[in-house]
Amino acid sequence: MLDTPTTAPGPPGAGTDDDSAPFWAALREERVELQRCTDCARLRFPPMGRCPWCASAGQVREDVDARGSVYSWIVVHRAFRPEFAADVPYVVATVDLDAGPRVAVRLDRPDGVDFGARVAPVFHDHGAWTELRMVLGA
Amino acid sequence: MREAAVAGVGYTGFSRASGRPVLDLAAEAAIAACEDAGLPVREVDGIASHMVGSDSENAQALATALALPGLRVVLDLNQAGHAPCNLLAHAAAAVSAGLAEHIVIFRALNGRSGPKVGSARFPGRGGQFRYPIGYDAYPMYIAMWARRHLHETGQDVRDLAAVAVAHRAYAVRNERAVRRTPLDLDGYFASPLVADPFRVADCTPEVDGACALLVTGLDRARDLRRPPARIAAAAYRAGPRPGLDIGDHVLTDDYTRNFTDLLRDELFGRAGVTPADVDVACLYDCFTSAVLMSLEGLGLCERGAAGDLVRSGRLPVNPHGGLLGEGYLHGMNTLAEAVLQVQGRSGDRQAARHDVAVVTSGALMDGSAAVLTTDR
Ligand SMILES: [Zn+2]
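Protein chains in written order, with the UniProt record's numbering: chain A, 1 to 138; chain B, 1 to 376.
Worth flagging that the hints you see were computed from the coordinates, not collected in a lab. Source: prediction; values computed, not measured. The beta-carbon is built from N, C-alpha and C at its ideal position, and this holds for glycine as well. Certain hints may be false.
[Stated by the list, open to error] Some chain B residues near chain A, calculated using beta-carbon distances under 10 Å:
id, residue
1, I133
2, G134
3, M140
4, M144
5, F189
6, P192
7, R225
8, G243
9, H249
Produce the complete structure using the sequences and hints provided.
Put into structure tokens, the structure is as follows:
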């Protein structure tokens, strides 16, 4: 009852939208493409039609270097959906990209994760979609 | 301007499986709130509620189930646990402005046997980035904040444990609580990890049930059965970039301060009290960390000293055992406990001094809060 409809193409069970479609398409090519505001020059994530700092609709899309630092993380011990049952325990981190925005991503090989730990992107091909993950050491 | 007060509260029992439609639960709690206040149900002319997705019934349906002759105010929020004090603020404003005389605010859900909010997929555009990667449940988001908050404030998981242990000790004395088995530190650390740093003991148990409050004019409340709980102030606050849905927090910079930091000065200022005047705190505790962050945000202790305050027992915090003990009515029961405390009706868990109670609704970037006082 709380679920929203699945919309293809994109990640399983997720509704992508006009703003996010280029982001997902870029991940298929192992690129991280974000929007940059043409008024205040900030990069933003998640993708959306207006800049959440200045409300400008002016934007360009650009590839960013998705290295960054760990701001916080959790270790998931209980899967809340069956598709993740085989993955536990797994780490999800909030990562501050050097380019500016914060993203929440899975960490591969997370041993030694700490505040400020350097991470670099890795791309997981799920067949129908590509997931942005991070790996320690960048 | 006419002042507003809470005149009565009503509950159903809280259970794992009510076996009843949500509308029945809502009606039972609403009728109980009116009976508690000694007000005929037909005099209610306003209803306000909240839900997540479509896990409850709207105000219109409750008006029908209560056979009300008419409605002058309705409000249906699609908000999670940040709603109850926000509803109180709007109900109080509506009464003050003369839009309605008697407003029932309620939360009703089959939160255990029906859709579970903790692991539900929320509507909104942020979900496409969280759910597919397994960042897909509310305890995870709050745990993400909790780890950073503990780190920056020099606290650790023993401070989370202190909240869980203190709340359980209260819950043991509350017949309405669903978790009443005593819990000590060893028991806490034996509790299974869910989303590290959170264990099962850090998380509120989802339940079926309903809770309702009757809001009316302070002058009218003085003529009713119970001593009025005066609504001294209530406020909602979100800072910049509160996100695209209720689980989206990547646009928030600081995971160590929640909305209480933003509304503290206005809330206490409008209420005409200071944090030092607070006798009882009823703080939204979907997860233990929310209590620590809100104690600090409200200025009830120094930043980083929340765990110590809880351990000291100096301030009664969630004398009903919180959502952690009583069950997850999304904070409407937290607000109801503050009313009972101010009214001096909380039995053997009653705070000795109870002239000023502060209540919060919400844990992260946005939420609401209220100050209730005795009719001084
Ligand atoms: Zn801008």
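Now for the hints, and whether the structure bears them out:
| no. | hint | in the structure |
| --- | --- | --- |
| 1 | I133 | holds, 5 Å |
| 2 | G134 | holds, 4 Å |
| 3 | M140 | holds, 6 Å |
| 4 | M144 | holds, 5 Å |
| 5 | F189 | violated, 14 Å |
| 6 | P192 | holds, 7 Å |
| 7 | R225 | violated, 38 Å |
| 8 | G243 | holds, 9 Å |
| 9 | H249 | holds, 8 Å |
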